[in-house]
Each structure stands twice: as C-alpha cells, then as structure tokens.
Amino acid sequence: MPEPQTIALISTGFVGFITQYARRHFREVKKALDLTIAGIGIVLVGPAILITAIVIKVVSPGPAFFKQERLGWGGKPFYIYKLRTMRLDAEKGTGAVWAQEDDPRLIRFGRLIRKAHIDELPQLFNVLKGDMSIVGPRPERPVFVEKLSKEISDYSKRMNVRPGITGLAQVW
8 MPEPQTIALI
18 STGFVGFITQ
28 YARRHFREVK
38 KALDLTIAGI
48 GIVLVGPAIL
58 ITAIVIKVVS
68 PGPAFFKQER
78 LGWGGKPFYI
88 YKLRTMRLDA
98 EKGTGAVWAQ
108 EDDPRLIRFG
118 RLIRKAHIDE
128 LPQLFNVLKG
138 DMSIVGPRPE
148 RPVFVEKLSK
158 EISDYSKRMN
168 VRPGITGLAQ
178 VW
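Heads up, the final residue of the sequence shown is numbered 179 in the numbering used here, and it's a clean run with no missing numbers.
By construction, these hints were calculated from the structure, which means they are not laboratory data.
Keep in mind that a hint or two might mislead.
Beta-carbon label-pair distances, calculated as ranges [unchecked claim]:
no.	residue 1	residue 2	range
1	L51	A29	19 to 27 Å
2	F151	E10	44 to 52 Å
3	P111	I49	27 to 35 Å
4	P70	H32	37 to 45 Å
5	D109	F151	18 to 26 Å
6	F33	S163	19 to 27 Å
7	G46	H124	15 to 23 Å
8	H124	P70	17 to 25 Å
9	Q27	L95	50 to 58 Å
10	I25	G81	27 to 35 Å
11	R148	F116	18 to 26 Å
12	F72	V168	23 to 31 Å
For every residue, glycine included, the Cβ atom is placed at its ideal position computed from N, Cα and C.
Assemble the whole structure, with the sequences as input and the hints as a guide.
Dropping the structure here:
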C-alpha cells in the first residue's frame, strides 16, 4: 500500500489529472490507445506480414490469409484475421480441434511463423475494425466457447469485455 504522501502527490498536479481522467473515461482512453497502437503496429509490421504472406503462397497452395469465426464482446460473432500456417484441409476429417505442439497439419515454415507469432499480426486490423482490443481475453471459436462454458464456471464472463490480441493467458 502506498504511503499517504505518495497518494497525495499522485492525485495532484498534471499526473493526477491524467490519472483521474483516464479512470473516468477508461473505455474512451483504451479505445484511443488501441487504435493508436494498432495503426503504428500495422505500419511497423506491415513488411513482415507481406513477406510472410509471400512465403506462405510459395510453400503452400491457397490463400496466405484466412478468417475464422470467433465470439467477441457480448458473445457477438466476428471474423478474426490470421496468416495461414496449416494446410487448407486441416480440419477436414476431424472438425474443429485445438492446435497441438508438433501439429502434423502445419505447412512448411508454419511452426516458425507460429513460434514467432507472426500469424497473429493481421489481428491488428481487427483492432482497427473495433472487433478486438490490444489487451483482453483471447476470443474463441463458438464450438470451443460452448465446450468451455460447460467445463469452466463463469467462462461466459469473458464475453463482458472486448477480446484481445494478447492477455493474461499469453503472459502465463
């Protein structure tokens, strides 16, 4: 717990003004930060996305990008954008399944793309669209949300916030 003098110092002056403003206008400040970070991020990582897309097109037939239905804020479905790291028919015989450590469905360089999280970079466009935030719980596919809601109490509370590119699950 901070000392009373520290609290008084923080709550006064310019820093205090910014802190109080951010607390009162949390959603607006978070949205502005999300848009700013996503915009700058796209400019900075755009070349990496482009180069990776070209590599995917060279090593595997089909599109370099794909979209997949996920559930977001309020349980509303949206499409998440990613770079493709698996074969086109990856779920043909199995249906929806979670990715595995040494997944046999990966294309050449797919493991490297995933390990470096380059496949997640197009989600910055989801942030610009307003479907996602930079920080928040990862959005899941509807079939997995249904399964996890039965297994984990209060799992549906994740739908009370905008999903994110990164969050506590990625940190731990």
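Outcome of the hint check:
{"no.": "1", "hint": "L51 with A29: 19 to 27 Å", "result": "holds (25 Å)"}
{"no.": "2", "hint": "F151 with E10: 44 to 52 Å", "result": "holds (46 Å)"}
{"no.": "3", "hint": "P111 with I49: 27 to 35 Å", "result": "holds (32 Å)"}
{"no.": "4", "hint": "P70 with H32: 37 to 45 Å", "result": "holds (40 Å)"}
{"no.": "5", "hint": "D109 with F151: 18 to 26 Å", "result": "holds (21 Å)"}
{"no.": "6", "hint": "F33 with S163: 19 to 27 Å", "result": "holds (22 Å)"}
{"no.": "7", "hint": "G46 with H124: 15 to 23 Å", "result": "holds (19 Å)"}
{"no.": "8", "hint": "H124 with P70: 17 to 25 Å", "result": "holds (20 Å)"}
{"no.": "9", "hint": "Q27 with L95: 50 to 58 Å", "result": "holds (52 Å)"}
{"no.": "10", "hint": "I25 with G81: 27 to 35 Å", "result": "holds (30 Å)"}
{"no.": "11", "hint": "R148 with F116: 18 to 26 Å", "result": "holds (24 Å)"}
{"no.": "12", "hint": "F72 with V168: 23 to 31 Å", "result": "holds (26 Å)"}
Hint check: no violations occur; every hint is consistent with the structure.
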